[in-house]
Amino acid sequence: MAEVLVLADHDGETVKKVTFELLTLARRLGEPAVAWIGPGAEGASERLAGYGAAKVYVAEADGLTDYVVAPTAEVLAALAGQAAPAAILIPASGEGKEIAGRLAVKIGSGVLTDAVDLKPGEDGSGPVAEQSIFGGAIIVQSRVRTGTPIVAVRPNAVTPEPAPEPAAAALEPVSTGLSDAAKTATIAERVVAERGERPELTEASIVVSGGRGVGGAENFALIERLADSLGAAVGASRAATDAGWYPHQFQVGQTGKTVSPQLYLAVGISGAIQHRAGMQTSKTIMVINKDPEAPIFELADFGVVGDLFNVVPQLVEQIGQRKGG
Amino acid sequence: MNIVVCVKQVPDTAMERTLRAEDSRLDRASIDGVINELDEYAIEEGLRQCEAHGGEVTILSMGPEPAADSIRKALSMGADKAVHLVDDGLAGSDALATSLALATVLQRIGFDLVILGSESTDARMGVLAAMLAERLGVPQVSLASQVEIDGQAVTIRRQADYGYDTVTAALPAVVSVVEKINEPRYPSFKGIMAAKKKPVETLSLADAGIDPAQVGLGAAATEVVSFASRPPRQAGTTVKDEGDGGVKAAEYLAAQKFI
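From first to last, the protein sequence lines stand for chains A and B. When we follow the working numbering, the leftmost residue of the first sequence carries the number 6, and every step to the right adds one. When we follow the working numbering, the leftmost residue of the second sequence carries the number 1269, and every step to the right adds one.
Mixed in with the good hints there might be a few duds.
[Stated by the list, open to error] Mimicking SDA-like on lysine to any residue, the simulated pairs with C-alpha atoms at most 25 Å apart in a straight line are:
| id | chain 1 | residue 1 | chain 2 | residue 2 |
| --- | --- | --- | --- | --- |
| 1 | A | K188 | B | R1288 |
| 2 | A | K295 | B | S1344 |
| 3 | A | K111 | B | L1404 |
| 4 | A | K22 | B | D1433 |
| 5 | A | K328 | A | E303 |
| 6 | B | K1525 | A | S210 |
| 7 | A | K21 | A | K295 |
| 8 | A | K288 | B | K1458 |
| 9 | A | K22 | B | K1458 |
| 10 | A | K328 | A | E298 |
| 11 | B | K1458 | B | S1344 |
Just so you know, these hints were derived from the structure itself, not from any lab.
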């Protein structure tokens, strides 16, 4: 069975959930092998194996994590040549997509981004990726017809499933040195923003977003309380970030982050196309808005027409009671 | 300083966008073309860097004839001149081919800094800056929310999921910018009038020295197998808050096993 290469997303200690999602998809296509860049592979190998990784390629050379994108693309290109994988799966973060792009140029292969599903093609024609385009209005099935398929997969595309019969993963060192060409954009400093205990927006299973109806920066505390009661990430519409009520990096929408959580709670958001483009593929959508005509209600699995300042505190209290009891 | 800003004309996101049944390509006929919104931040950043450090801003756009409208808008914002790569043979180019074509032109016209928007609002791939840096063999300083140039060094704040990285590189370099790096200016009346006289060089594939076999739909490394409109979401339940809206919402969340 052909290998399917999965780029691990990790910070040296914690393996991000999207890695297990990619391994779950990779098992549909062949035998998963992880590409691990930087330290920490040994500690993670058991968990990776639990999701079906038969092999972990470990690249630990000096400098791999000190430069923007190019070193990772270089390691993946070397592995693509050496292991001839059936596909290369990469998390579709901003950086992940850039890695996919550079890799595509290096190995002359087609690249698909923001896949929300991935299936083996018919008669061995290579994997078929599902993408949701134009603000979620159209679903496209695409495939790569040149080279090794490179697919950047969105977080939350699938629920990670442990492998039925996991075996130990073999650690295999990658001995590629780093070329000078990959060392041109130096990461001088890494600044981790304070976001408390909340999960990352694009990875979270539940996202609670506030919009214009929230009315001011101070009222976002209410959105945060609701998010915290559910263990959710906080998002914001463009109206809210443009008004300076919530930091820009939490903007969900066409020009912000695209999220696809199990549950999306839109609070005080009207649902302009700008916003819908970033959240339309969420599995379940709940809406709280006082305007019954707001277009966001078209997407709602469950909607409450009402003043968020009455509904949200009551909802937070109810969640607290149910979780406590 | 020689700054080149890459600009793409895209279908207006406010309109309903569809794919054509015959070739699974974007139906551009039924929809207004506008400048890619995220490119306006790139143009603004180019103009500001040019104002601070001197030099000129060249707009580079690849696309069919109507893209001239977006080029004109960029010039009316204050860019000095433009290069329009336009050829029927480019139709259907994927990201690999687009980056090849743009890199070829960039090598031809020369640059200290290439600036792009972080993605286009139609394809939304977000790969072009990385691909151009790879092809041109220059530093990739992308997803910038802040750009500073000091002599031959460029330093950016690179936006990341966890916060940001401070990244430094030597010029020439490829920069991509995220929204919120600046507030793009509106073209002034004077700017609009002046733009009409600014030089726009149009290049065909042959003019640019691009092999037609490496671009266009025939060379695309990816293909659409099928597409369909998203089935409408099943109509959900909507309740009016009568003092119990939060309770009902909690009941729904519990029934769906979210709490």
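Violations among the numbered hints:
1, 2, 5, 7, 8, 9, 10
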